[in-house]
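Novice: Take the given structure of chain A and dock chains B, C and D to it, following the hints.
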Amino acid sequence: MEKLGMILPLLVPIIGALFIVNKRLISDKNLTKVVAVTVIINFICVVYSLFFNDLTAVHILKVNAFLDIYFKVDQLTRVFSLLASSLWVLTAFYAFAYMDHEKRHRQFYTFFTLTLAVIMGVAYSGNLFTLYGYYELLTLCTLPLVIHPGTAEALQSGKKYIIYSFGGATLVVLGMMMLYAVTGDMSFMAHGIVDLSLIEGNRDLLKWSYLAMFLGFGVKAALVPFHSWLPNAMVAPTPVSALLHAVAVVKSGVFSLIRMTYFIFGTQTVMALDVTKYLMPFVVVTIVMGSLLALHQDHLKRRLAYSTISQLGYILLGILMLTPNGLLGAMLHLINHAVIKITLFFVVGAITHMTHFKYIHQIRGIGKQMPVTMICFTVAAISLVGIPPTNGFVSKWFLGLGALNIGNFLYIIILLLSAFFTAGYLLPISVTSFFVSSKSEPHERDAYQSNHETLHEVSDDSVREITHEMAKDTIHETAHETENKTLRNEMVAAEFSEDGEAESTDAKPIKLEPPKGMLYPIVLLTVVIVGLGIFPNPIINFLGGVIQDAF
Amino acid sequence: MLQCLTLVTHNTASPNLVKLIPLVSIMLLMLSAFIMPLLKKKRHLFGLTGGALAILMVLSFVNVAYIYQNGGYYFDIGHFPAPFGISLRIGEIESLIALLFAIVDLMVTWYAYYSLEKEIKESRIAFFHTMNLLLLASLLGIVFTNDVFNGFVFLEVSTLAACGIIVVKDKKTNIKAGLKYLILSSLGSGLVLMGIAFIYSLSGHLSMDYIHEAMIANLDGKQNTILISVILFTVGLGIKGAMFPLHIWLPDAHASAPSPSSAILSALVIKAPVIFLIKVFYKVYGTQIIHETVILDLVLLFGVMGMIFGSLFARSQKELKRMIAYSSVAQMGYIFFAIGIGNTLGVVMAIYHIVAHALTKSSLFLAAGSFIEQTGFKHIEDFRGIGKEMPVTLGIFTVSGLSMIGIPVLPGFISKWNLAMASIQSDKLYLLIFLLISSLLNASYYFPIIINGYFGEENLDGKVFLSKSKPIKQLLPLIILTVLMVLVGFFSGSLIEFIERGVYTV
Amino acid sequence: MQTLINNYMFVGAVIMFGIGFMILLLHNNLIKKIIGMNIMDTSIFLLFVSLGYIDGKEAPIIVGGVLHHNGYVNPIPTGLMLTGIVVAVSMTAFMLALTIKLYELYGTIELDEIQNIRGG
Amino acid sequence: MNLMLIILLVPFLGAFIGYYLGYKNEKFRNVFNILLTAVELLLIIMLYQTVKEGPIEYVMPNIMGTGLHLKVDIMRYAMLFISGLAWFLATMYSTQYLIKKKNRNRYYFFFMLTYATTLGIFMSENLLNMFTFFEGMSLTSYALVIHDEDRYSHDAGKSYLGMAIAGGMVMLFGILMEFDYTGTLDIGDMGAILPTLGPVKYVIALLIMFGFMIKASVFPLHTWLPKAYPAAPTPSSAILSGILLKTGLFGIIIILVEMMGSDPYLSMLIYALGLINIYLGGILAMLQRNIKRIIAYSSMSQTGFMLMGIGLVGILGESGGVALVGTILYMINHAFFKILLFFGAGIIYMILGELSINKISGFGRNKQKLKVFFLIGVLGVAGMPGLSGFISKTLVHEAIIEAYHHTHFMFFKVSEWLFLIGGGLTVAYMLKLFIAVFVEKNDAFHGQFAEQVHKRALLPMGVLAALIVLLGVMPNTIIAPLSLYAHEIGMEMPSHLSLFNATTIGYAVISFVVGGVLYAAVIRRKLYVMDEAEGRRIFVNPSLSWISIESDIFVPVMQIAYILFSFIFKIIDNGLLWIAQKSSEFFGGIAKIDAEAALNGTYRQIVTHTEHAIEDVRHKRQHQTEAILETVSEKREQAQIYTSISPEIEAIAKLKLKFGQIQRTASGITSAIFMFAFVVVFSMIFIYYFGHQ
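Protein chains in written order, with my numbering: chain A, 1 to 551; chain B, 552 to 1057; chain C, 1058 to 1177; chain D, 1178 to 1870.
These are computed hints drawn from the structure, not numbers from a lab.
Treat the hints loosely; a few may be bogus.
Said to hold, decoys possible - Within a straight-line C-alpha distance of at most 25 Å, the following computed SDA-like cross-link-like pairs (lysine to any residue) qualify: (1) 720(B) - 1088(C); (2) 358(A) - 405(A); (3) 1204(D) - 1189(D); (4) 672(B) - 1153(C); (5) 62(A) - 605(B); (6) 593(B) - 605(B).
As the structure is a prediction and not an experimental result, all values here were calculated from the model.
So that you can see chain A by itself, here it is in the shape it has in the complex (with noise of 0.2 Å):
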């Protein structure tokens, strides 16, 4: 019994989906009901095996040292499962509204479900192997959601997205083989399994088993160079987007890297092979590259996702210092991340949902038709930035003590200048959507009322180049003075009185606040955003068994 109440997590969610796929069961109309029962039922399952279940550890099918599907719970397992169940609530509800107008909804929430158990898989594997079979099955699992459009260029993303998923799982395979040829045991172990005495003679065999298991599990993590999966991924619906990129995949991989790196290998194995030398350049071009790139996207999901891969660098990083502090750091914001991203694709998905626009350029004053959801935009981005008091600023806080602890100002000038990026790309979709009016372009009001996306030429140099370079100050003293005048010369026109005030010059713009089921998740997600960098404390406390078991 105690058995099943640990597995539950994982069975929960493949039950569901077998009921969902099966037409005669449920009617189109229960659909959703069904996937929200399944999805809240997982979570309480999850709550409940990881917290009033004193199994923590079963064998499923163990044929030998190799061969064992082993799930185990540790403080990692707690908080990966639990951000990503709970986050996979909020997504469940938000896809109900948001894949109204999207097809084929039973294929979407089959593998929807079916994805939730892999990831349960992931964060309760005990050792390589299982974690390694879930990782290849979680690739065959987010496939038909990437492709869920079924479009020609969602099909060549998909299959961009299963070659290198497949190139990074190879990798794996092949640092796992050398691994196993070394330590003849994969399980999962506080403080690593590889002893420093099997280093001697081994050095090389380890060194490469390292290598190419943190670039496989790096090619999900999106480390550059195997990252170009990642912006293409974006053709998928948007809920799946944002899982994706908030727990899915990309922290799959992180997760994955946290296990390798201090569950398998241990802190002190790898400090002797003296490996991150060679991965810190990656990770440093990651963050880098990241942010920078994501400056030159005009489609909003594209630039939501190159900054995931500079994010992502950010964990790495944090990962690869081997500090406590580091890897806190890298843990708060493996959640914080999720927390953030996700709330930064819900509102883009709302955007694209109500209104059908995906650029920059044309959500000019989109802030005053839905100011709930941009405010929560906003805030997210502020978050991302690291500005306090939100929870970006958190990990953020302590990613740089872990550099300084190992006395490398490199990575703090980096993580800073990437910030500063991210203020870059991140800030002015808020300032074009709150303060760059849309007046000027009334046929584009037009089109987001009937629904039709036909303006993707429809482009306003000015705004453009707020948004896209940096500044270049051509603008002097006297065209100020003489682009004030006229619209001062209006305002001296107009009659001057105390009765003035009264009038409402703000025209109350059309609502466009997205539909219940996805405006509550959004701002809830950004009361989290506000409450975890205010309330830090409690989820630091929560990380400390982790640091413990990796120290």
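Specialist: Same frame as chain A, now just chains B, C and D:
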């Protein structure tokens, strides 16, 4: 379960009777084969074949169970002891392969019951079955025999029979492919025969154990002759086993033959010569001599080339069956690779991969055959959206494809994993790279079919759900094969242990 | 040179094998190819039989009383070659049968012409 | 609940309530906001009762992991007070100023949030809290800067936000290092540890200071200032210049005095930067024509004076009481002047929608109240005895002299004179502004618009003017508590301060004389020239063509770096894909030889080659049946006819045919046999070559 059955066999069948099984199997098949032309009705034909194969399967299973309990044994045909008479040696590997052959052939025959007459003329069905059973008999002979010349004869028989099941479909391409296969095979057999001549001149024996003893005894000064003979064997058997540059007959033959024939060819026909080659290497020459020569490196080289180029060629194919045929070339590359590594684990994995690949490839060919049969198309492009029309069949195709690609727990992954372990054990780390590249290449041609088959709005446009799917009873053989394949992956640990017990190397 | 003369059997077999192989390789006519193949096979049979031959001893056929067992040449290769010939004959027969089939379908047995026929 | 916390929370919550009210009714909101700031000001005044007894602290654990640590002493209180007053007046002024503006609700929302965060900065005792509030202030004030939403304000806003965030990042770097070295974030605790560290303390201090320096517009980080101030709506400009600038200076004081224990080297640096600021700001202010821009550069110049004061506090160490008091006083006064001046400029702008002094010259000639208030501000900034500016300037000046006495370092003597001449600059540009707007005659504005200068806009100005005069006459009311504070933190004050004597007034006179000369000689002569087009004298601004730090250094460097890195990263971005594509094409090409025909250049060679071979074979065969010559000539004829019809199509068709043949040959039986032979030979050679292992 195996143990349970062993107990049963132990109690019911006397050991001596069990030892008759190999001979009985061959005889049974041959007899049935020759009765076949006498029968007219399709039901009777299939009844006889199916019955024979079912009996064979049960016998093989009993045999495996017996060997699991008691180990391998020799069986002298006609009770002439070894140096003079022909003897059969049945160990763990042989019994396992026999069981595998029986199961696969039974499943293919089952499948053929529903589909064969759509591909070949009705009058040819009897011929097909004759050849099929004859082929199986000869293949079992190759596997069981402990006598090199006997092996040669069986090889020739198998060549003829295999050619028979290729040309059973009266098309131009089939005749051409059959002729090509026949000529190349004859060349190969010529080499094998020459090799036999050489080792006979060296040792004066034809029974494997005795040749081995004799060769160990007077090794000096004969290295060159040994080398030449070993090359003759390798190349000769390499042709039949589709070793990479000699694979040229394979795609034509496999692609043009009727699907059941393709499945048999891919799953069985190219496997038996490899078993024979392993036997020649390790039973005739022995580990010591083989390791002194560089022949294993040559095999390794051909194996690696096969893995890479087979996949590359497969990638650029437009016909589905040709693609799967080239994939067979690549998979045979794995097997030669495994042999070429040269340590025990390598040989074990070669055998394991033979088992795994036989199950996987037969189900792949049968699935592809179903597509072609139901839609009438041959080209990969035409199978877009097939997943909507035939979801179960494509599902089977997918699982088999995933095994080829190397998804954990499926047998493809297990072989790759252990091959890597074997490479590491023999200090050839660079081989891992080839393994991985090849598995990536595998992914690159299986995935597009699966993805295009299941997903993509444009692809699925105009397709009707389940419109072309076969009834479940017709799909059952495929499903059984797939399930068996998954089980082979799941219980790879015990299977490998079992093979390891019977492996010839030291 | 001396080795070549001493092993004239081997040399002869190899030369014959070569002739057969060249015929097989260079001729487009299928019948000729099959003939080449037969020559090759024959070379191997000859080699094999020569291996068993011991100078000055009789063929292992009992004609009027059994000699000492050293009086005969090794019978096994000869016996094997009988089998081999049978196999080769059946092989040839099969090939010829296929050639006839091919001729029916294509109207020629020249391989290059067959190849040039589209859809072949 | 603690009073400090209430002070912090009232504007924060008020912002939201105000926003909600604004949705319902704008009038309610305006009244609410004025009341809110008034209450807030009262609360701050109430706080004085406890503060004067000694510093008060409040800790709220767990907020942001480190806890919220608030502290108020006299200096911080002074800052709180001017903030409270400034916001109260600015809110009142805004209600009038913003009538015709859009998005008023949003404006007030951010206005109040900025208020809350600014108060937070002044009260934070924890460095991390301070950083939080500082960043919050930057972001919220950004919304104020770009309120007009035109291109100019967006440009300014971009500059402002970019520098603020960059400053924040650098500051964060410093805070991280500081935490790594000292293990504490409390400013008080740091003061005990940080000065004992080695040279790294300078790195830390400079990094943290960097962010504050940006806000305080210290050279060369001032580039945002002349853009942002004019871009913002006037009340915001007033707040930016009056209070937000002070947060930067406040931060520098905190770092230098409380954290670094008045480190002399750092002090010298700040002192020197102060001098640069005075001159750079002063000269640029002289050249400007836009009122707001003049005031903005004036702020920069005045910052220089304050920086000098701060530097002196550090240099003088324990005897830096005068400098400290002078600096704080200077900050308070400067806030009053600048708010007053901006309000004045705002009224002009409100009426005319114009800020260039060329256009508005003579506007204020007949608007007496406005003129008087503005004059008080102008003279206050210039340091006219009797107004409060004089007091603070004198105190700082005293401190310079004292520094010279302490160190006998000639630099202080020189800088004393530079200080006075800098004062002259102030006088000069203020004169330019005042004379142009309020003294020149311009018939266009005679008697007009007087009624539009509304009381609600003038009242705040009046209050400020009164305060300036009051403080100028009775300086001791504020000097006394400040001296007490200086004493508290261990700085000696001279027992008596003689503020109004011949010497001090003499110094003021020197400044004024210098200013007058500068005005007459430079501004009237060189800058006020005849314009042919307009037919009258107008001011010119030669600095427009001068080198600009931002547009000529920062931006190009950043742009080049940006383009360069973008280029590199784009290569990386697509590099792997490119390699993969190329290699797959390559292997695909290899594989195609076996598989399918592809007609491109590489294969053409093979094709022609084999064509020859096939031709040869044909020749041979024909040789047996016919005479060679005939056939060749026939074939030639045929070929000629063929090629004349459509040579290209024919060629392609031929190639295709040939290639198909090659393909079929490659997969034919003969080639298979050939392959077999090849493998046998290869294996033999392989074995022979490598022999036994």
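Novice: For each hint, tell me whether it holds in the structure or not.
Specialist: Now for the hints, and whether the structure bears them out:
no. : hint              : verdict
1   : 720(B) - 1088(C)  : holds (23 Å)
2   : 358(A) - 405(A)   : violated (42 Å)
3   : 1204(D) - 1189(D) : holds (20 Å)
4   : 672(B) - 1153(C)  : holds (22 Å)
5   : 62(A) - 605(B)    : violated (33 Å)
6   : 593(B) - 605(B)   : holds (18 Å)
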